[in-house]
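Novice: Once you have looked at the hints, place chains F, V and R on chain W.
Chains as they are written, first to last, in my numbering: chain W, 1 to 428; chain F, 1 to 379; chain V, 1 to 533; chain R, 1 to 254.
No lab work stands behind these hints: they were computed from the structure.
Just so it is clear, CB atoms sit at the ideal spot from N, CA and C, and this is done for glycine as well.
Quick list of in silico lysine-lysine cross-link-like pairs, DSBU-like style, CA-CA up to 35 angstroms: (1) W:Lys121 / W:Lys98; (2) W:Lys303 / V:Lys81; (3) F:Lys194 / W:Lys398; (4) V:Lys401 / R:Lys97; (5) V:Lys218 / W:Lys165; (6) V:Lys81 / W:Lys162; (7) F:Lys232 / R:Lys122; (8) V:Lys163 / W:Lys228; (9) W:Lys191 / W:Lys165; (10) V:Lys218 / W:Lys228; (11) F:Lys194 / W:Lys404; (12) W:Lys162 / V:Lys179; (13) W:Lys221 / V:Lys231; (14) W:Lys275 / V:Lys86.
Examples of chain W residues toward chain F, derived with CB under 7 angstroms: (15) Ala89; (16) Arg180; (17) Gly402.
According to the in silico footprint, chain F covers these stretches of chain W (three or more CB under 8 angstroms from chain F): (18) 109-118; (19) 168-177.
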Amino acid sequence: MSVNTTRRVILGAALAGATVLGSWLPASAQETIKVGILHSLSGTMAISETTLKDVMLMLIDEQNKKGGVLGKKLEAVVVDPASNWPLFAEKARELITKDKVSAVFGCWTSVSRKSVLPVFKELNSILFYPVQYEGEESERNVFYTGAAPNQQAIPAVDYLAKEEKVQRWVLAGTDYVYPRTTNKILEAYLKSKGVKQEDILINYTPFGHSDWQTIVSDIKKFGTAGKKTAVVSTINGDANVPFYKELGNQGIKATDIPVVAFSVGEEELAGIDTKPLLGHLAAWNYFQSVKTPENDAFIKQWKAYKKNDKAVTNDPMEAHVIGFAMWVKAVEKAKSFDPDKVIDALPGIEAPNLTGGISKMLPNHHITKPVLIGEIKADGQFDVVSKTGLVAGDAWSKELDGSKDLVGDWVEKKCGNFNVKTGKCGGA
Amino acid sequence: MISRFLLQNMDKRGYAFLAIVAAIGILVPLLNLAVPAGSPLHVPTSTMSLWGKYLCYALLAISLDLVWGYCGILSLGHGAFFALGGYAMGMYLMRQIGSRGTYGNPILPDFMVFLNWQELPWYWYGFSSFPFAMLMVLLAPGLLAFIFGWFAFRSRVTGVYLSIITQALTYALLLAFFRNDMGFGGNNGLTDFKDILGFNVQAQATRAALFSMTCVMLIAGFLIARGIVVSKLGKVVIAIRDAESRTRFLGYRVDRFKLFVFTVSACMAGVAGALYVPQVGIINPSEFAPANSIETVIWVAVGGRGTLVGAALGAVVVNYAKTVFTSGFMAPYWLFALGALFVFVTIFMPKGILGTAQQLWEKRRKPAPTATPEPAPAE
Amino acid sequence: MRIVSCLLRMIALATLLALQPGVASAQGADEAFTRLGADSFSDTNRAIELLIVNAHPQAAAIIEALAAGRLLAGAGAVVIKTTDGKILDARTGSALAAEPAGLAPVRLNNGVRRTIQGALGGLGLLNPDPAKRISAAEAVFKSRDVALLPVLEGAIAKETDAKAKAALRQAQAAILVAKSDAPPFDRIAAIDVLRERGDQDALATLRSLPADSSPALKEAQGRAVSAIEGKLALWRAGQNLWYGLSLGSVLLLAAIGLAITFGVMGVINMAHGEMVMLGAYTTFIVQEVIRTRFPGLFDYSLLIAVPLAFMVAGLVGIAIERGVIRFLYGRPLETLLATWGISLILQQAVRTAFGPTNREVGAPNFMSGAVEIGQLAITWNRLWIIVFAGLVFAALLAILKLTPIGLQMRAVTQNRRMASAMGIRTGRVDALTFGLGSGVAGLAGVALSQIDNVSPNLGQSYIIDSFMVVVFGGVGNLWGTLISAMTLGVANKLLEPYAGAVLGKIALLVFIILFIQKRPRGLFALKGRAVEA
Amino acid sequence: MNASNPGALTSSLLYLDGVSVSFDGFKAIRGLSLTIEPGEMRAIIGPNGAGKTTMMDIITGKTKPDVGTVMFGGSIDLTKLDEAAIANLGIGRKFQKPTVFDFHTIEDNILLALKAPRSVAKTLFWKTAAAQAKRIDDILGIIKLGDARDRLAGSLSHGQKQWLEIGMLLAQDPKLLLVDEPAAGMTDGETAETAVLLKEIAKDHSVIVVEHDMGFIRELGVKVTVLHEGSVLAEGPLDVVSANERVVEVYLGR
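Bound-form chain W, shown alone (with noise of 0.2 angstroms):
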């Protein structure tokens, strides 16, 4: 055989070998109803979104353990849109019309969720998006499981102004809109509560941003006013690590100036040396360190799951947790997986979360949640040093200008933006 025909049977096989993949893909046994996994697994977002893979396969496992849902087997459908946004909406389309699934389990970013919205409204699927996020959207199809602001950033705030005596506040974020929309809610709510211009100081950086030491200077300096200052982190996954190496390194003890951040979870403290960064502090609806017979249960399962003892959970894992078992409670309340019946019924379904008490869907498609506030522990866990009642998740910031007088009600009203003002739904 001559090198030229190897290489033209190499490529033949390579193009059928495609070809193969391609038409057997959809074809899968009958029975099964399919649930959408998007998480990326490849690209920057890897990072985070991985373990929500795994925990939903674990959760759907379990379920089919149980026997599935109304009597059929549950069968996972895993993409990978690669952090690539565009991508999503392509993964999204092919999830509800190839594989026909009846729920899909998935996004991260703000920018993932904004690019599948339109996709999920057109061809009238259902979409549970686990992150804490800006807020300022309220979806038929779309339910958030995740904290609004005023399910983490809000409380986490009042915590510090009450128990440390916060005067002084810095609100670092990264570039993006949930930083963005957290600051100026926090900004809104401060001023609110009586605290000058002159005692905020917002700072924004870009994505992975690892320079730190300019800015963690300024804030040393900005903590050096006579009053007492603390900073509220809104900085995006992979900028954390240096952000706090830095912190740890120029000495800022959260003795002296707290760091609360609404992004770093245990997942992240994981790749960090946390000895440095006792007692800083982070807002979440759950921590892996709260202790529940639920919570125990849940641990003991997934690190069984991931045949890891140290494998980690967080807050994104619990809101899958809560969100599946809503799906499921839902699909069995309308008898049936048709989405316009689940969305119908999910509204008032209640499922526990891993903190102990019991969480609703509400009528805009938010969940009730608790909200924690832990400090860093040396071992890279938190310890909760407050734990709020549940909170409802508010779909329209009240702080803002635009959407004060805006609620989302699928219920009644059927609609994301009714304006009470007006009593017209539609925003304005």
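Specialist: Structure of chains F, V and R alone, referenced to chain W:
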């Protein structure tokens, strides 16, 4: 005269390409709209919009092949022109939403309302008009390419230096567009479009029309690019690629030729971006990511550079492979496949799919090959 | 509430000073122990106060154990776990046979930690160790606790160590400035002491001067503040310069390997960032092994990782050169495509092997914390990275200029055919050169693991900057790379305070684009006929 | 742009005076002065590093002199123009190493060189007229590559490439031809033919030939300029020059 210009010396491959694209452009929307969903001949809307995306990429690849394959300018920033065209279209689509946004503001797009902007920034004026937006689709990337090229080519920045500063260009734009203060929606970009020219972008018929339009533009882009490369100007451009200073000593103003091709190419990339946005439904700064531009280069290399048809083929093949590999059991491993494909192609198929196929074909026809010159030296 | 507690503490300290144990009320102490077991932060706070107020003989031991997380409480018992594992009854300090059941460590939050700091600060003012006295004085300086003034005065009177005395005086001054009923003369003197100290904290303390102070005081304060601010502005410029050098050294480390593979060999190595990543992961593995097998060696982990990272990245580099790149010489732009493919494969391979999440790489002791030189905060890790970058640069220069293999490398890259004709095995030299460049990238990975994420995406975030540095400096010139890295680093950091991180970076990118127009071959380009041919 | 320009400062076609240039401190050309008359053919010789190629670079605009005057056609200052402008004035250049467009056919190589408007728009909508086609045929005939016109230039032998390049020079129809080592790497037969060709060309063009091959120069039989260390050492007929003591010294070593 124009048709003479566009069709001169058309070869079999070119006609085949035109025929295929034209057939796709007519048949696919027809099979989507006219054939009932149950029929085996029916083309689902998802497939159609997927292929619409591939064809936009094909146009982008042709635009890159024009500068890289024929003029030796390896642009690692072509994604920037694509994205600028996309943003121009996106801005038009945003303005079309009107008061149907979540906040119901008749002028400001949602993301501005929600960050408390009071009025529309001046650079958003005019985008409510379709002709103006289409003009900007050509002008924004074209002007950027013209200004950038004006400086770079006059200063005789060539080779890897040029490649790296085109990369710097797209990287700087990436950072700039990520900034929310720029007024382009930051990381979330522009999305949730409603209408284009009064038609619902989600509607099946609109999608079909957009698909056909993409085919038309791909044909137009191909004809223009081909018209350029087979003209005497094309010969000059190839001469520049192979021996730049020699061309200069023949009296050709190399910088002007490069500038012309580069600008035309950028406009073409802008058109591709403009068609891409309504079909995909979002435009966001990540389109400026240097990795995207590199990937475009790879499509061209895979298909065969300096062939135009090959570039389009490469774009479709690589993206189809990506679609296939990112689903199912291959999902965690698709990067291995993609990476291996690039290594394989560069080592074993330096002329790409089309070039290799052509070589094999020629070898079969006449067993004694004429001496072919070595590949072009360092660009 | 606070004033009351301060008063109480003052009394308590007075009693402590008098060294009269055993007079405290047993009742208060009992309450303290009950509160310790209540698992509430406010109770714990109160308990600490009670222990001090009542001058409990075990107070110091209990508070220290609490700070270290070795105080266990619950179900009526409070015990101290000593560092060597013994269990002591907290009330008496006597050893217990076994740990009572149902105990949990008393939890801390920032509030409790601050209370502990204050308490230990008060206690520490009289510690026999001068270093401890200084840190106690610092704690008082920050807390500005009026109640501690008498103790401070007593301590100053007894103090013999000059440094400790200065620290104590500063703490005293900090309290006096804000104390409106202190003699004005003392307060003006206090302002002078703070002005002398001249740092950010002194400024903050000066600003805490009550608004209703006398004009004379205000004037003195105003002069002190502007004097300090003027001085600090100078220091800040120095600090920014330092940040710039530090960033420059990071850029240098990231780019210098590329200066070899790209600059010298002409390979557009898009997998360069992944070599850096491999170096960082090697460091991670070394630390994992050390953590589990030889915990004592942790401080040497980076030293051990350096040669290993060099070897791992270097060998992978050689494999890439032999397996892929050698087929592509003379086609530089195609090396770009192939190495891009390789970078995808390496990233995904690491992601598969180590998972997509960040991995923890700890800092050895000598790289933690900071040292203050005047008002300049120099963090150790940055200092060591600058030193390391310098060493790597010098070593690389020495290899290229002084060793036979370096000579061969230069010969092959300048004229491959001639070198080959002279009997140099060009294939071997190519592989070694590429291996060297990759190995150096691996070294960069060791350093970057100290300041950045160790994740599969690590390399991606440095690759573009690295290319900018090499191109700006002039391809093929190591000195150019050095100057370019430092210039870009310093420029970036000097711009950042004015333009912000994003605009600063954009401005630099635009500057590089324009600069290349002016000098199409970078800062240090070879001139003359030969290069242009 | 007529050679007999009324405003001419000199009647010479090419006039170099006091030209110096240095690279990184190395003086490649020092105080070079040279005059070429219309219709003249001049041979330039000199040892390696004498500055022959740099001189050509200066004339064609590739290198700018540090000081000195370079005038063309009496009144045009070449130091102010770039390569393309100089080429369009009518100065053609053949490189030491033959540089043709490998991926173009031989015919296209000539077409690209053919005297015609060089603007972007004119080339984009170019159509070869009958007269121009004939001119191409003629040149192909002269350089004896008529049968190979559809072959890629990259597939030619070294000697053929030299000829193709001369053909391209002819197509440019310049007033002045700069020919750098036309006989390098040629067989004796080819060298002789090249000499004949050059003499033919010199009938209606000014030519500067840089060459090492003394036999070739003798065959050309023209005035010779000897360069050494960047300036003119001697000038005159070959026999006179080669009798010059200093020239002998330079060539044979001291």
